[in-house]
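S.K.: Use the sequences and the hints to build the structure in full.
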Amino acid sequence: MLADVGREGACVPSSPSPHAAVMPSRQMTKEIKGVKPVVSKKQPLNNSMNQQKLENGCLPHDIKNVRRRRGRGRTKAVEREVKQEVEVGLETVAPPVSSKGVVFCRRPGFGQAGTRCIVKANHFLAELPDKDLNQYDVTITPEVSSRSTNRAIIAEFVRLYRETELGMRLPAYDGRKSLYTAGSLPFNSKEFTIKLLEEDGGITREKEYRVGIKFVAHADLHHLRQFLAGRQTDAPRQALQVLDIVLRELSSQRYIPVGRCFYSPDIRKPQRLGDGLQSWCGFYQSIRPTQMGLSLNIDMSCTAFIDPLPVVEFVAQILGKDVSSRPLSDADRIKIKKALRGVKVEITHRGNVRRKYRVSGLTAQPTRELIFPIDDQMNMKSVVEYFKEMYGFTIQYAHLPCLQVGNQKKANYLPLEACKIVEGQRYTKRLNEKQITSLLKVTCQRPREQEIDVLQTVRQNAYGHDPYAKEFGINISDKLTSVEARVLPAPWLKYHDTGKEKECLPQVGQWNMMNKKVINGCTVNYWACINFSRSVQENTAHSFCQELAQMCQVSGMEFNREPVIPIYSARPDQVEKALRHVYNAATNKLKGKELELLVAILPDNNGSLYGDLKRICETDLGLISQCCLTKHVFKVSKQYLANVSLKINVKMGGRNTVLLDAISWRIPLVSDIPTIIFGADVTHPETGEDSSPSIAAVVASQDWPEVTKYAGLVCAQAHRQELIQDLFKTWHDPQRGTVTGGMIRELLISFRKATGQKPLRIIFYRDGVSEGQFYQVLLYELDAIRKACASLEPNYQPPVTFVVVQKRHHTRLFANNHRDRSSTDKSGNILPGTVVDSKICHPSEFDFYLCSHAGIQGTSRPARYHVLWDENNFSADEMQTLTNNLCYTYARCTRSVSIVPPAYYAHLAAFRARFYMDPAVSENSTSRSVCQGNESPVKPLPALKEKVKRVMFYC
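Numbering (UniProt numbering), first residue to last: 1 to 955.
Don't take every hint at face value.
Said to hold, decoys possible - Below, computed lysine-lysine pairings styled on DSSO-like, alpha-carbon distance capped at 27 Å:
id, residue 1, residue 2
1, K729, K945
2, K214, K344
3, K441, K177
4, K647, K635
5, K344, K356
6, K420, K356
7, K177, K214
8, K214, K195
9, K434, K338
I should point out that these hints are in silico values taken from the structure, not numbers from a laboratory.
M.R.: Take a look at the structure:
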C-alpha cells in the first residue's frame with residue numbers, strides 16, 4: 001500500500017522494503033530550497049505553486065529534474081513557477097487533502113486546441129435544495145429480503161402516518177435501511193405496526209410488521225456545494241446519495257427498477273427477441289457532480305424480459321416446435337425445466353382469481369399419469385380428475401408435464417395450459433446470438449432519435465410535478481445541456497516511401513490502403529494453410545490463399561506465394577491432431593527452419609474451434625495464426641483481404657503506419673525522452689458464472705519514438721478481482737532466494753531489449769475501472785509500477801501518468817444542429833476528434849470526454865478519460881491531443897477507434913486469454929484449481945510461448 005500523502009507529499013510505499021528506500025527525491029517537499037513543508041493531518045500542503053502539485057500527483061523538486069520531466073522548451077517557465085512558489089510561501093491555500101490519503105490529479109487548465117463548436121449533452125441541470133436533509137435508520141421486523149416488499153411496507157407506513165406522526169413530511173426510502181426527509185421528523189426514535197396483505201404460495205393473507213425509525217444524521221449540503229465549487233476534494237457521497245434516492249423514488253413506484261435503470265412496457269412497445277423473450281425499453285438516471293453544478297444524467301436503455309405468454313406458448317417458443325399433440329422428449333423436458341425454474345406464473349383457470357406461484361420444477365410424467373393424495377388416508381386422485389371436478393377445467397394437453405410450484409416438500413401440480421407467465425420479470429441469463437442481434441436492432445438509434453427519446457423521457461417523468469422533488473426542493477431543467485466542445489484535427493500518418501502515397505491525412509476518422517504500403521512490412525517465407533470447412537474445396541482454398549498472399553505483397557510485405565506443404569483439410573473435432581500434423585509436416589520439410597504463419601479456414605459457425613486453435617497455437621506450438629471464415633473465402637473482397645493483411649503484418653512483427661509527428665520527434669512528453677505507453681484491462685466472467693477466474697491483460701509499447709508496437713501479457717486471477725495481481729510479484733526460490741517478477745517488470749525489460757534504452761517516462765492507460773474503484777486501483781497499481789521499476793535498478797523511478805479509460809458511462813453528445821451536415825459524420829454523430837472538458841466534466845479533477853471515432857450506426861459513445869495521477873505534468877491539450885492521435889494508430893483497420901489503442905489491445909488480449917483456460921476449469925473452476933495465498937482458488941493460465949509474447953498476437 002501507499003503511505004498517507006498528507007504526511008510525505010506524493011505517494012510513497014509505506015513498507016520498509018528495499019524498494020521503498022529508492023523512491024525519487026522529487027516526491028519530497030523539502031527538495032524545494034527555502035521552503036519548509038507545513039503539513040498536518042487535516043490541513044493541505046500550503047506551499048503550493050498553482051497547486052503544483054500534490055494534486056497533480058507529484059511535488060516539484062529541483063529545477064534539473066523538473067526540466068527533464070517537462071521536456072524541451074519549458075525550462076524558463078518552470079523556473080518562474082518554482083520561484084513564484086518560493087515567494088508565495090505559506091499564503092497560498094490549496095484544497096484540503098483527501099480523507100482517503102491521496103488526491104487525484106487536479107485539472108491543469110482547459111484545452112484550447114481544435115475548432116470550437118457547440119454540442120448538446122444528455123445532462124439536465126439540477127438546482128440544489130436549501131433544506132436540511134435528514135437520514136433515519138429503518139428496521140423492519142421480521143426481516144425482509146425483498147426490496148419491493150420493503151417498499152410496500154414503507155409506502156403503507158407513509159400512507160397511514162404522514163398526516164399525523166410524520167408531521168406532513170414525505171420521506172424518500174432506499175428500499176433497505178435508510179429513510180430520508182427534508183427537515184426533521186417530530187421524533188428521534190419510534191416504532192410503528194404495519195399490516196400488509198401478501199400472497200404466499202398462491203394464498204393471500206395479512207401479515208404484521210414492526211417498523212422502527214431512528215434518527216441517524218444530517219446530510220450536510222455545505223460540503224457538496226464546496227465540492228462543486230472545487231474547494232473540496234472528496235465527493236460528499238452521502239449527500240449525493242440522498243438526492244439520487246429522492247429523484248428515483250417516484251420512478252421506483254411507476255416502473256421496474258434494475259440497477260440504476262427503470263423499465264416499462266409502456267415506454268416503447270416491447271419487441272419479440274425469440275425463445276420466449278421480449279425487449280423492454282427504459283431509461284438510466286443518475287445525479288452527478290459537474291462543473292456547472294449538479295447534473296441529472298438521463299440515457300435510454302433496453303434489456304430482455306420474459307415474454308408474459310401462456311406457458312404452453314412459451315414452451316413452444318423455447319423448443320421451436322408445436323407441442324399441442326406430441327409428448328416431450330427427455331431432452332425437451334430438461335430444456336423447459338431449465339428455462340422455467342424460478343419464473344413466476346399466475347393461474348388462468350379460475351376467472352378473476354389470479355394467484356401467483358414460483359416454478360420450482362417440472363414433473364417427469366405427463367399430466368395424465370399424475371396422481372396425488374387428497375386426504376390423510378392417502379386416497380388418491382388424478383390431476384385431470386381434480387381440475388375437472390374442482391374447477392370445471394378440462395385439461396387439453398394431458399400429454400405434457402405439469403409445473404411443480406411452491407414448497408418442494410409438498411408438491412403442487414399446475415397444468416401448463418392453466419398458467420401464464422407473470423409480466424415484468426427480467427431475464428438475467430446469457431442471451432444467444434439471435435437474441436443479441438434482435439436486441440441490438442431495438443437499441444440502435446440514430447442520434448436525433450435518441451435525443452428526442454431522452455427529452456421525451458424527461459418530460460414524461462415531469463420532475464417539476466414530482467412530489468418528492470418538490471418536498472426536497474430539487475428543480476430539474478427540461479433542456480439538454482449545451483456545452484462548448486472542440487474538434488481536434490486528425491494527425492498525419494506515415495506510410496512507406498515506396499508507395500505512391502507516403503503520407504496520409506485521414507478524413508472524418510477514416511482512410512484506406514490504396515496507393516500505400518505499410519511502413520515496416522514483415523517477411524513471411526514459411527507458411528501453411530489448414531482447412532476446417534467441409535464446404536470449401538481445396539482449389540477454392542488455394543485460390544483464396546493466393547489472393548491473400550498477393551494482397552500482402554501489394555501492402556508492402558515480403559510474402560512467399562506458395563505454402564510450405566499443400567493445404568491440409570481436417571475435421572473441426574480433430575483440431576489438436578490436425579494442428580500437430582501440419583506443424584510437424586512443415587517442420588520436417590523445412591529441416592531446422594521454423595513455420596512462421598498458419599492460415600486457418602473455419603466454418604462460419606465453429607463453436608469452440610476458434611478458441612481451441614488459438615490456445616494450441618499460442619501456448620503449445622508457439623505459432624502465429626490467422627483465421628478466416630468460410631463466407632469470406634467464398635466472397636472475397638479487396639477490403640477484407642486488405643484488413644487481413646494488416647493483421648498478419650503486425651502479428652508477424654511489422655508496423656502498418658506511424659504518426660508522422662512520432663518519427664519527426666514532435667509529440668510533446670513522448671518524443672523528448674524514451675517513453676513507454678501501457679494499456680491494462682481486466683475482463684470478468686459473464687453473469688451466472690460464479691466461479692470462473694477474471695483475466696488481467698497488460699500491453700506495452702516496444703518501440704520508441706514510434707509507440708506503435710505493443711507486446712502483451714495475460715494472467716488469471718480471483719473471480720471478479722479488479723486489481724491486477726501480477727503487475728509486480730516476489731517469491732522465494734530455493735536456489736536463487738527472493739525472486740522478483742510480474743507483468744510490468746517483464747514488459748520494461750522487453751522494451752529495453754527492443755529499443756536499447758530504458759523508459760524514462762511511463763504513461764499508463766487503465767481500462768475497465770468504475771468510479772468507486774478509482775482509489776483502490778490507483779493505490780495498488782501505482783505502487784506495483786514503482787516496485788517493478790525499483791526492482792530493476794536502484795533509484796530507477798520514471799515519472800508515471802495514470803489514466804483511467806471508461807466506456808461504460810451514460811453521457812452522450814449530440815450535434816447542436818442535426819441538419820448541419822458539416823458538424824456531423826455520415827451517421828449523424830458528432831465529428832471524430834470532438835473533445836469536451838468543461839461544464840459536464842468533474843468540478844476539479846483532470847477528466848475529459850473524447851469521441852475519437854466516426855459513427856457507423858446508432859449513437860456514438862464518447863470515451864471518458866480521467867487522469868488520476870500525473871507526474872509528467874501534462875497540459876490539457878497535450879493529454880487530449882496525444883490520446884486522440886493514438887486512436888489513429890490502431891493496427892486492425894484504417895479507421896480511428898473509440899478508445900486509445902493500448903487499452904483496446906489489453907481488452908483483446910484479455911478476451912483471447914479466456915480461450916486458454918482448461919475447458920473443465922471454465923465450466924467449474926473450483927474443481928481443478930490451486931490456491932494462491934489467501935485468494936480464491938485460481939488455476940494459472942498456460943504460458944504464452946516466447947515467440948508469441950513479442951508480437952501483437954491478439955490482433
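S.K.: Please go over all the hints and tell whether each is borne out by the structure.
M.R.: Structure-based check of all given hints:
Restraint check for K729 and K945: the C-alpha separation of about 21 Å stays at or below 27 Å, so the hint holds. For the hint pairing K214 with K344, the CA-to-CA distance comes to about 36 Å; that exceeds 27 Å, so the pair is violated. Simply put, K441 and K177 have alpha-carbon atoms about 39 Å apart, too far for the 27 Å limit, and the pair is violated. Taking the CA atoms of K647 and K635, the gap is near 19 Å; set against the 27 Å cutoff, the hint holds.
For the given pair, K344 sits about 7 Å from K356 by alpha-carbon distance, which is consistent with the 27 Å threshold. Distance hint between K420 and K356 is fulfilled; the C-alpha atoms sit about 9 Å from each other, no more than 27 Å. Between the alpha carbons of K177 and K214 the distance comes to roughly 11 Å, so the proposed pair stays at or under 27 Å and holds. Under the criterion of a C-alpha separation no larger than 27 Å, the hint pairing K214 with K195 is consistent with the structure, at around 20 Å.
The hinted pair formed by K434 and K338 meets the criterion: a straight-line CA distance of about 19 Å does not exceed 27 Å.
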